[in-house]
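Produce the complete structure using the sequences and hints provided.
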Amino acid sequence: MKFVEIKNLSVTYLGNFKPSLVVDSLEIEEGEAVLIVGKSGSGKSTLVNAINGVIPNLIKAEEKGDVFVFGYDVKNTPISKLSRLVGTLLQDPESQVFNYKVIDEVAFGLENFMYPPEEIRKRVFEALKVTGITHLADREVYKLSGGELQRTVLASILALEPKALILDEPTSNIDPVGTKQVFDLLRTFREAKKSLIIVEHKVDRVLPYVDRVILVNNGRIELDIHKDEIIDYSDKLFFEGIEIPEHFLYLKKIGAREFKPELLKGYVHIPPKRYDGSEEVLYANVKVTTKNGETLVDTELRLKRGHVVALMGKNGAGKSTLLKAIVGILDRKLQSKVKIIAYGEDISKKNITERGKYIAYLPQNFDLVFVHRKVKDEIEYTMKNHKVYSKERLNHFIKIFSLERYLEEDPLVLSMGQRRRVAMASVLASGAKIVLMDEPTSGQDWYHRDMLGKELMNLRDMGYSVLVVTHDSRFVDKYCDMVYVMNEGKIVKIGKPEEVFLSEGIEDLGVYPPTEYEVMRYNNH
Amino acid sequence: MSFNGIKGAVNVPGEIPWEIVLLYFILALAFVFYIGKKQGGLKKFTTLDLVYIAVGAALGVAWEFYIGSYLGRLLPSSPFIGIGFWGRILIILIFVALVRKVGAGMLSLLIFNVLSDLLHYGFGGEPMFTIYETLTYGLFIDLLIALTGGHIFGIGLKPNTASADVPEEVLVKNLRRRQNILAIVEGIVLGILFALPDPIFYLGFFRPFLYGAIVNWQTVIFDIEAFIPGDVIITIIAGFLALRVARAVGQ
Amino acid sequence: MVSWILFFYGSVIPVIIVLALIGIKGFVEITRYESGTTFFYKLNPITKVVLGIVVMAVASVTTWWIGAILTAAMLLVYLTLNDGFRKFMYAFYLFLSTFLGGTWSIAPYTPYSVLQLAGFKQFNVIWVWPSYFTAFGYEPYLTVQQLIYGAQVAFRITAVVVTSLLLVLTTTASDIFRMFTKLKVPIAITFAITVAFTTVPKVFDLIDTSVKMQFLRGFGYGKTAILRPFYLLVAAILAIPPTIIYLARNARNLAISVDTRGFRAYNSRTSLVELTYSKYDYIMWGIIVMLIVLAILANIFGFGRTIPYTGL
Chain A
276 MKFVEIKNLS VTYLGNFKPS LVVDSLEIEE GEAVLIVGKS GSGKSTLVNA INGVIPNLIK
336 AEEKGDVFVF GYDVKNTPIS KLSRLVGTLL QDPESQVFNY KVIDEVAFGL ENFMYPPEEI
396 RKRVFEALKV TGITHLADRE VYKLSGGELQ RTVLASILAL EPKALILDEP TSNIDPVGTK
456 QVFDLLRTFR EAKKSLIIVE HKVDRVLPYV DRVILVNNGR IELDIHKDEI IDYSDKLFFE
516 GIEIPEHFLY LKKIGAREFK PELLKGYVHI PPKRYDGSEE VLYANVKVTT KNGETLVDTE
576 LRLKRGHVVA LMGKNGAGKS TLLKAIVGIL DRKLQSKVKI IAYGEDISKK NITERGKYIA
636 YLPQNFDLVF VHRKVKDEIE YTMKNHKVYS KERLNHFIKI FSLERYLEED PLVLSMGQRR
696 RVAMASVLAS GAKIVLMDEP TSGQDWYHRD MLGKELMNLR DMGYSVLVVT HDSRFVDKYC
756 DMVYVMNEGK IVKIGKPEEV FLSEGIEDLG VYPPTEYEVM RYNNH
Chain B
-2 MSFNGIKGAV NVPGEIPWEI VLLYFILALA FVFYIGKKQG GLKKFTTLDL VYIAVGAALG
58 VAWEFYIGSY LGRLLPSSPF IGIGFWGRIL IILIFVALVR KVGAGMLSLL IFNVLSDLLH
118 YGFGGEPMFT IYETLTYGLF IDLLIALTGG HIFGIGLKPN TASADVPEEV LVKNLRRRQN
178 ILAIVEGIVL GILFALPDPI FYLGFFRPFL YGAIVNWQTV IFDIEAFIPG DVIITIIAGF
238 LALRVARAVG Q
Chain C
357 MVSWILFFYG SVIPVIIVLA LIGIKGFVEI TRYESGTTFF YKLNPITKVV LGIVVMAVAS
417 VTTWWIGAIL TAAMLLVYLT LNDGFRKFMY AFYLFLSTFL GGTWSIAPYT PYSVLQLAGF
477 KQFNVIWVWP SYFTAFGYEP YLTVQQLIYG AQVAFRITAV VVTSLLLVLT TTASDIFRMF
537 TKLKVPIAIT FAITVAFTTV PKVFDLIDTS VKMQFLRGFG YGKTAILRPF YLLVAAILAI
597 PPTIIYLARN ARNLAISVDT RGFRAYNSRT SLVELTYSKY DYIMWGIIVM LIVLAILANI
657 FGFGRTIPYT GL
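Chains as they are written, first to last, in my numbering: chain A, 276 to 800; chain B, -2 to 248; chain C, 357 to 668.
In short, the hints are calculated from the structure, not lab data. Bear in mind that the values here come from a model prediction, so they are computed numbers and not experimental data. Even glycine gets a Cβ: it sits at the ideal position worked out from N, Cα and C. Some hints could be false.
Simulated DEER-style distance windows between Cβ atoms [stated by the list, open to error]:
#1 B:P10 x C:S391: 56 to 64 Å
#2 C:G642 x A:R462: 53 to 61 Å
#3 A:E302 x B:G38: 32 to 40 Å
#4 A:T409 x C:S391: 14 to 22 Å
#5 B:L26 x C:V484: 49 to 57 Å
#6 A:N351 x B:L26: 28 to 36 Å
Here it is as structure tokens:
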């Protein structure tokens, strides 16, 4: 039996003129595993939502054509019935959970299907075992890391024993440790012969677990290849903004048709030029403790002018807390001792508003920055508040972030990439030249991360100093001059990206180098 | 006769006859059942609709009992100003506009009331207040949804694509203008309707019924007139904000 | 001038108390469940809801000082919760704000006829308002009795508010869901209430982030510290549209997540953990019965409700 059969499908969202997805024909066999790649907004999620019944059952859209899943016509099958056949895991772990305890979350689906309590208990513990989180059964979900949360939701799905799984960017919002835990489960699913659809940006990491790769671009399936053909199409995928490792392109260049380690003997990864920065512009000595005396952060941090520095490390290492302590927005229940010197001036005693003049900060939920109806007003707001408004200054930021076309638009209705640029312009408009960014690469495709990297390089050239918290090692390798690795509240490693990535035991600190470095290590041995 | 100070008075001079009040709520309830039966009851609400309604109620509570209540204390108390009510109804309207199904208004008011009982009121005065609010404010919103064919404030309307050679931007612009006009017109209608229940039902019936208060029709009329401007402005703003939110979530 | 200061600052003090001492983040802590093992956490949610209803009923049918004692007793219960002292302090600030705000929002508007109904015979004028203050609905004079009356009515409110938040702080969303399911409330309504219940603290969390971002972007730059709570309030209002849109965008994820796990496959659900009544519930039921008896006795012995509901 076929897992998926699609014929002449077109999906048009309300208020749109054109369909967001058109698929003439697509078939996925039972037991097959398919990787779907594509830029944000390309139609990937629309495709999987048309398969699991979310469209048209839950999301209003005009759907034409046929979609069959295990022989069921999706249009005429309740989503609850489909959910016993196909489980769906989404990108953002936090917004998927509904219950308070892990065990309740895992039991949620079974309770919906009215299994008797003893059967629920049995299946819950089986699912917890498969996902390796039995020890978390009684933990509160909001205290879990992203990886643990994703495994909790996966356990909840697996407890229903679906024949197929759809994983829609399951690792985009979680750290490398969690990512590895989720990817490790893919092997288990393959062994259990589950049908799989995985939407992922990390092509090289998922490739071992899939049979086919599908590229969705501009709402159409542009490529549908066997995974062994990926080298052949690596340049095309790279051109379409897909995160393709450099050594894939190397293999293509030397005429290789398939991935074999011995063919990579001649491959050398040459890191980009790293900048040294000039004088020190920020010194921070931060100690943050909980009321119970647990130390969350106890470290020193220095930043130079014209330097882009990545702050990496496991979830819970204290990265976000360090940033918040520097800008002065820590939770009240935390105790902190902070010494901050910016541009030679001690600003430790200054409040948030005053610190904003020296240091700009972009939170992970950057949508919460917007309080005005027009992009132009949003940028002006910061300038006027800080009393640094001038027309030239406004135009300067508009130009840096290419916002000319959107000045009169509502920032909240722009695309994600545009919103991030408006948010950056809005925080930098204070005149601060030190920029702290909390996971700006999280949940973004390579196209947008690449764009962000180029903007950071531009800022560096203008004398800005950037500290960016990220888990994205490929982004760090390509765009950062220096890496600080944090562990248990301390910066424990400092070096250029290549030094850090090639150092011993770096994975233990929650930093997983890009696969290019794994190839180099392999070659060196 | 009275119990615990509640008079149960139905013959206070000027009071709206209890038969009329009862008739209103029976008719409203009958309408609810009719619509519910015709449209499939709670089943027609998708889970996404329910989440929207829930989020609207939660924001409404956060406003009415916390943020709005502090703001309200900074402003003079008068019939012209109702910070708590305004914020709540504005937020609820935004989320109802994302659902746009008849019943969404009443369901929103119901969830808001249960939540505020859990968090704040301890079910004081229930179920009377829930029935009252659901079958007045909630029902008015639903009537508007029914009258607009599920396109409250013009949300969900398709651009007029009759002539093929008009560029897409122009079509979008025309649609937005139409939506803005609809937000104003519907805001005025809804604002006027919202100004009625409190003076008519509370001042004109519940207060004399519960506490034996004497109805002062001048105050009732004054309150209706005083409520209208604020309520109209707020519902128009709600219309514009609903359009903004609907665009942001891709509707 | 003094009248205007009283007019504004009578109301402003509670606002300052809450915003300066609790902050927006404090609302997250006072509206979010955190696990614990003490008495209140072990109660069936139905018991806690009934307690809330009974406290509300007792406070409204008995004399004001019984409401005050109930408020104090329920406040002390906060000390038994996980991180109890912190929660107690937050609840105390909230009580203080509700009490002062409640008193002040009632006192100047209360006419003498209502005070007479409440049993006050003498009136001691402590302030004469300018005549145009009647436009705000103020009585011409402020009397001690008005303030006492306002405080008495406020205790009726504080007892309920303090008890209601105890339910919120000690009950998980899953248990709220189970409670309403057990009470045979339709599953769609149960779900919406539960989602709303868990969204309230999220709302404050998001508003807090947005407010902090506004301050970093210079909102209130160069202004004195005393004006800070007002800037905080304005920033909180400005934070609402982005919060709405953020929550509306995320709504889709939750809906997909629960629907693809069979939500509403049937009209009811089973439960891994059945809500049961333990010995702790029986103890609380005993206390509830005592409260009801107390209310009856209070009424018999002349300590029934002394203040009318008019003016609420």
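Hints and how they fare:
{"no.": "1", "hint": "B:P10 x C:S391: 56 to 64 Å", "result": "holds, 57 Å"}
{"no.": "2", "hint": "C:G642 x A:R462: 53 to 61 Å", "result": "holds, 57 Å"}
{"no.": "3", "hint": "A:E302 x B:G38: 32 to 40 Å", "result": "holds, 39 Å"}
{"no.": "4", "hint": "A:T409 x C:S391: 14 to 22 Å", "result": "holds, 19 Å"}
{"no.": "5", "hint": "B:L26 x C:V484: 49 to 57 Å", "result": "holds, 51 Å"}
{"no.": "6", "hint": "A:N351 x B:L26: 28 to 36 Å", "result": "holds, 34 Å"}
Of the numbered hints listed earlier, not one is contradicted by the structure.
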